[in-house]
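Asks: Here are the chains, one letter per residue:
Number of protein chains: 2
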Amino acid sequence: MIEVCLLGTGGMMPLPKRWLTSMMLRYNGSSILVDCGEGTQIALKEKGWSPKPIDVICFTHFHADHISGLPGMLLNMGNAERTEPLLIVGPRGVGRVVESLRVIARDIPFEIKYKELTGNEEAFEVCGLKVEAYKVCHNITCYGYTFSLDRAGKFDTEKAKAAGIEVKYWNRLQKGETIEEDGKVFTPDMVLGESRKGLKLTYCTDTRPVNAIVKHARGSDLFICEGMYGEPDKLAKAKEHKHMTFYEAAELAKEAEVKELWLTHYSPSLPNPKAYAKAVKEIFPNTVISKDGRTVDLLFEE
Amino acid sequence: MIEVCLLGTGGMMPLPKRWLTSMMLRYNGSSILVDCGEGTQIALKEKGWSPKPIDVICFTHFHADHISGLPGMLLNMGNAERTEPLLIVGPRGVGRVVESLRVIARDIPFEIKYKELTGNEEAFEVCGLKVEAYKVCHNITCYGYTFSLDRAGKFDTEKAKAAGIEVKYWNRLQKGETIEEDGKVFTPDMVLGESRKGLKLTYCTDTRPVNAIVKHARGSDLFICEGMYGEPDKLAKAKEHKHMTFYEAAELAKEAEVKELWLTHYSPSLPNPKAYAKAVKEIFPNTVISKDGRTVDLLFEE
Numbered sequence: 013m014i015e016v017c018l019l020g021t022g023g024m025m026p027l028p029k030r031w032l033t034s035m036m037l038r039y040n041g042s043s044i045l046v047d048c049g050e051g052t053q054i055a056l057k058e059k060g061w062s063p064k065p066i067d068v069i070c071f072t073h074f075h076a077d078h079i080s081g082l083p084g085m086l087l088n089m090g091n092a093e094r095t096e097p098l099l100i101v102g103p104r105g106v107g108r109v110v111e112s113l114r115v116i117a118r119d120i121p122f123e124i125k126y127k128e129l130t131g132n133e134e135a136f137e138v139c140g141l142k143v144e145a146y147k148v149c150h151n152i153t154c155y156g157y158t159f160s161l162d163r164a165g166k167f168d169t170e171k172a173k174a175a176g177i178e179v180k181y182w183n184r185l186q187k188g189e190t191i192e193e194d195g196k197v198f199t200p201d202m203v204l205g206e207s208r209k210g211l212k213l214t215y216c217t218d219t220r221p222v223n224a225i226v227k228h229a230r231g232s233d234l235f236i237c238e239g240m241y242g243e244p245d246k247l248a249k250a251k252e253h254k255h256m257t258f259y260e261a262a263e264l265a266k267e268a269e270v271k272e273l274w275l276t277h278y279s280p281s282l283p284n285p286k287a288y289a290k291a292v293k294e295i296f297p298n299t300v301i302s303k304d305g306r307t308v309d310l311l312f313e314e
Numbered sequence: 013m014i015e016v017c018l019l020g021t022g023g024m025m026p027l028p029k030r031w032l033t034s035m036m037l038r039y040n041g042s043s044i045l046v047d048c049g050e051g052t053q054i055a056l057k058e059k060g061w062s063p064k065p066i067d068v069i070c071f072t073h074f075h076a077d078h079i080s081g082l083p084g085m086l087l088n089m090g091n092a093e094r095t096e097p098l099l100i101v102g103p104r105g106v107g108r109v110v111e112s113l114r115v116i117a118r119d120i121p122f123e124i125k126y127k128e129l130t131g132n133e134e135a136f137e138v139c140g141l142k143v144e145a146y147k148v149c150h151n152i153t154c155y156g157y158t159f160s161l162d163r164a165g166k167f168d169t170e171k172a173k174a175a176g177i178e179v180k181y182w183n184r185l186q187k188g189e190t191i192e193e194d195g196k197v198f199t200p201d202m203v204l205g206e207s208r209k210g211l212k213l214t215y216c217t218d219t220r221p222v223n224a225i226v227k228h229a230r231g232s233d234l235f236i237c238e239g240m241y242g243e244p245d246k247l248a249k250a251k252e253h254k255h256m257t258f259y260e261a262a263e264l265a266k267e268a269e270v271k272e273l274w275l276t277h278y279s280p281s282l283p284n285p286k287a288y289a290k291a292v293k294e295i296f297p298n299t300v301i302s303k304d305g306r307t308v309d310l311l312f313e314e
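Quick mapping for you: the protein sequence lines, in order, are chains A and B. To get my numbering, take the position in the first sequence, counting from 1, and add 12. To get my numbering, take the position in the second sequence, counting from 1, and add 12.
Among the hints, a few may not be true.
Taking lysine to aspartate or glutamate pairs in the EDC-like style, the calculated list, with each CA pair at most 20 Å apart, reads [said to hold, decoys possible]:
| no. | chain 1 | residue 1 | chain 2 | residue 2 |
| --- | --- | --- | --- | --- |
| 1 | A | Lys227 | A | Glu263 |
| 2 | B | Lys29 | A | Asp304 |
| 3 | B | Lys293 | B | Asp245 |
| 4 | A | Lys227 | A | Glu267 |
| 5 | A | Lys227 | A | Glu133 |
| 6 | B | Lys127 | B | Glu111 |
| 7 | A | Lys64 | A | Glu15 |
| 8 | A | Lys249 | B | Glu93 |
| 9 | B | Lys173 | B | Glu192 |
| 10 | A | Lys254 | B | Asp119 |
| 11 | A | Lys29 | B | Glu58 |
| 12 | A | Lys57 | B | Asp304 |
| 13 | B | Lys180 | B | Glu193 |
| 14 | B | Lys249 | A | Glu93 |
| 15 | A | Lys29 | B | Asp304 |
| 16 | B | Lys254 | A | Asp119 |
| 17 | A | Lys227 | A | Glu269 |
| 18 | B | Lys147 | B | Glu252 |
| 19 | A | Lys166 | A | Glu178 |
| 20 | A | Lys187 | A | Glu170 |
| 21 | B | Lys187 | B | Glu170 |
| 22 | B | Lys142 | B | Glu128 |
| 23 | B | Lys57 | B | Asp67 |
| 24 | B | Lys125 | B | Glu144 |
| 25 | B | Lys29 | A | Glu58 |
| 26 | A | Lys227 | A | Glu144 |
| 27 | B | Lys227 | B | Glu144 |
| 28 | A | Lys293 | A | Glu272 |
| 29 | B | Lys57 | A | Asp304 |
| 30 | B | Lys173 | B | Glu189 |
Just so you know, the hints here were simulated from the structure itself, not pulled from any lab data. For clarity, every value in this text was computed on a predicted model and none was experimentally measured.
Using the sequences plus the hints, can you model the full thing?
Replies: Dropping the structure here:
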């Protein structure tokens, strides 16, 4: 299971009743935070989730509304007595930017490691999840993130027996271990059925709609995507500022055949995003006009 | 008249229902902000006051809870189309600290000027108000601020006539101008009665109680002072972390003979500061256990 919380839904500036866009996911005791604007630590406290298990923070880009809350969050994690290292992932220069912000957050009781994204797309693993980071199209370098959790096939007793594998190895093989004994090599595929559908979560904000998003979001169980403007006549503004309308996000969701779309990153000029729900659902019915704190447990099928 | 709003009352970290301690005062079209922690821009929006006329930001010190909201506030002021220069006042290194934080707030449409405080006490003027900044006692360099507005005496017709000053000069002299004509010098004191009581406002946070506070706060109309802990048994903790209990703040207020004390900068461990109101009022009756957004208009007497 992956727990996902969209901590905030605002773009540009935090508002009295709308935190800035950021997402936390929790899996297997680890937490991963994507973006951390001013107030994200408060949104997290409202949610009731601890900052201590945050093992990774991924930044889409370095506009203040996505990173200004970092010094406070680091201190908050320190106050929660975190001592394990923290990995911070972000576009080129992430170490320089974070260290510059740390002028007011020097004393923290854990190490910070950096992973700088440089390519158009990069794949890596954190906390047992596969991550794909890919360049999107904003007015500064910006990345989208897709997190996936693979799911192995069921244990197949007949297959294991047919391969002549002793029962004492079954459990280790089922858990994914490769075993070498007496010059023989046993691999998990010898005891497992076809791999099953896993979980996939995509987070994209501050971008025009581009093919990379469709490519990586394809088949996502949840697609969290920016929708800066609900008003159809703001398309030109969306293009100018390298953002999207609700309808552009919905078209991406449709093309990528995701299960569900959560809109976020609303313009401060948009007090009631829900007013455009009907129109956007005509493009992609399973669209949610998210509110701060929206949470879901992504579960394996069956 | 000076309008004063205590935008937040929290110390250490912002909480869902408590913004970090900061104060804004408005006088004669200018706004002065003292401290700007994470979320201060939201507190200001809740108050309904504009960020555009902020001509001066004074920092007591560089702990994150007093300055982490600066990048967002600067961008906010830029979005409000401010173009006039902004003066930022703070302890030694203020320019370096602010420029480091500005790694995420480079593009703002106004100039930032710095005034670095270096002495134990400094006096200067901003926006028509006298300011005294003085070192207090925290675990890093920290300053208290006292703002005062002098009030000239009433115009005294008899005195002006007795001094043989022509009526055509009266208005200019009343407004404070010194006039030289035909080898004669006329000064405002020649037409004005004794100067009257002005207004005085003192803001002190993140410090142990020290004499400098009493000295500068003396006779203040309003004394906004930290009270990190309400529980009497937290005195040792207050000493250790260089903060004050409510009772120490009240003793300062009493000794400095201020008119009113507003407590602020409550510890996150203190959910209900009002529980200690009775005990603290026994020391200084005119104490207010402030809540976020508390506002007053300081008015001249009569």
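Asks: With reference to the structure, classify each hint as holding or not holding.
Replies: Verification of the supplied hints:
1. The straight-line distance between the Cα atoms of A/Lys227 and A/Glu263 is roughly 13 Å, inside the 20 Å bound, and the hint therefore holds.
2. Proximity of B/Lys29 to A/Asp304 is assessed by CA-CA distance (about 16 Å); at most 20 Å being required, the pair is judged to hold.
3. Taking the CA atoms of B/Lys293 and B/Asp245, the gap is about 17 Å. The hint holds against a cut of 20 Å.
4. Restraint check: the Cα-Cα separation between A/Lys227 and A/Glu267 comes to about 9 Å, which is no more than 20 Å; the hinted pair holds.
5. Pair hint A/Lys227 plus A/Glu133 holds up; C-alpha atoms about 11 Å apart against a cutoff of 20 Å.
6. A C-alpha spacing of about 14 Å is found between B/Lys127 and B/Glu111, which places the hinted pair at or below 20 Å, so the restraint holds.
7. Only pairs whose Cα atoms come within 20 Å are accepted, and A/Lys64 paired with A/Glu15 is accepted, the gap being roughly 16 Å.
8. Restraint check: the Cα-Cα separation between A/Lys249 and B/Glu93 comes to about 19 Å, which is no more than 20 Å; the hinted pair holds.
9. At most 20 Å may separate the alpha-carbon atoms for a hinted pair to count; B/Lys173 and B/Glu192 meet this at roughly 18 Å.
10. Simply put, A/Lys254 and B/Asp119 have alpha-carbon atoms about 17 Å apart, close enough for the 20 Å limit, and the pair holds.
11. Between A/Lys29 and B/Glu58, the direct Cα distance comes to roughly 9 Å. Compliance with the 20 Å bound is thereby established for this hinted pair.
12. For the hint pairing A/Lys57 with B/Asp304, the CA-to-CA distance comes to about 18 Å; that is within 20 Å, so the pair holds.
13. The straight-line distance between the Cα atoms of B/Lys180 and B/Glu193 is roughly 12 Å, inside the 20 Å bound, and the hint therefore holds.
14. Between B/Lys249 and A/Glu93 the alpha-carbon distance is near 19 Å, which keeps this suggested pair within the 20 Å criterion.
15. A distance of roughly 16 Å separates the Cα atoms of A/Lys29 and B/Asp304; the hinted pair therefore holds under the 20 Å criterion.
16. For the proposed pair B/Lys254 and A/Asp119, the alpha carbon gap of about 17 Å is at most 20 Å, so the pair holds.
17. Straight-line distance between C-alpha atoms of A/Lys227 and A/Glu269 comes to about 10 Å, which keeps the hinted pair within the 20 Å bound.
18. Among the hinted pairs, B/Lys147 with B/Glu252 is consistent with the structure: their alpha-carbon atoms are about 18 Å apart, no more than 20 Å.
19. About 18 Å separates the Cα atoms of A/Lys166 and A/Glu178, which keeps this hinted pair within 20 Å; it holds.
20. Annotation: proposed proximity of A/Lys187 to A/Glu170 holds, straight-line Cα distance about 17 Å (limit 20 Å).
21. For a cut-off of 20 Å, the pair hint linking B/Lys187 to B/Glu170 stands: about 17 Å separates their Cα positions.
22. Using a Cα cut-off of 20 Å, the hinted pair B/Lys142 and B/Glu128 holds, with the two alpha carbons roughly 17 Å apart.
23. As the CA atoms of B/Lys57 and B/Asp67 are separated by approximately 17 Å, the hinted pair is consistent with the 20 Å bound.
24. Proposed proximity of B/Lys125 and B/Glu144 is supported: the alpha carbons are some 19 Å apart, at most 20 Å.
25. With a C-alpha separation of about 9 Å, the suggested pair B/Lys29 and A/Glu58 falls inside the 20 Å cut-off, and the hint holds.
26. For the given pair, A/Lys227 sits about 11 Å from A/Glu144 by alpha-carbon distance, which is consistent with the 20 Å threshold.
27. Note on B/Lys227 and B/Glu144: the hinted pairing holds, with a Cα-Cα distance of about 11 Å set against a maximum of 20 Å.
28. Restraint check for A/Lys293 and A/Glu272: the C-alpha separation of about 11 Å stays at or below 20 Å, so the hint holds.
29. For a cut-off of 20 Å, the pair hint linking B/Lys57 to A/Asp304 stands: about 18 Å separates their Cα positions.
30. Proposed proximity of B/Lys173 and B/Glu189 is supported: the alpha carbons are some 18 Å apart, at most 20 Å.
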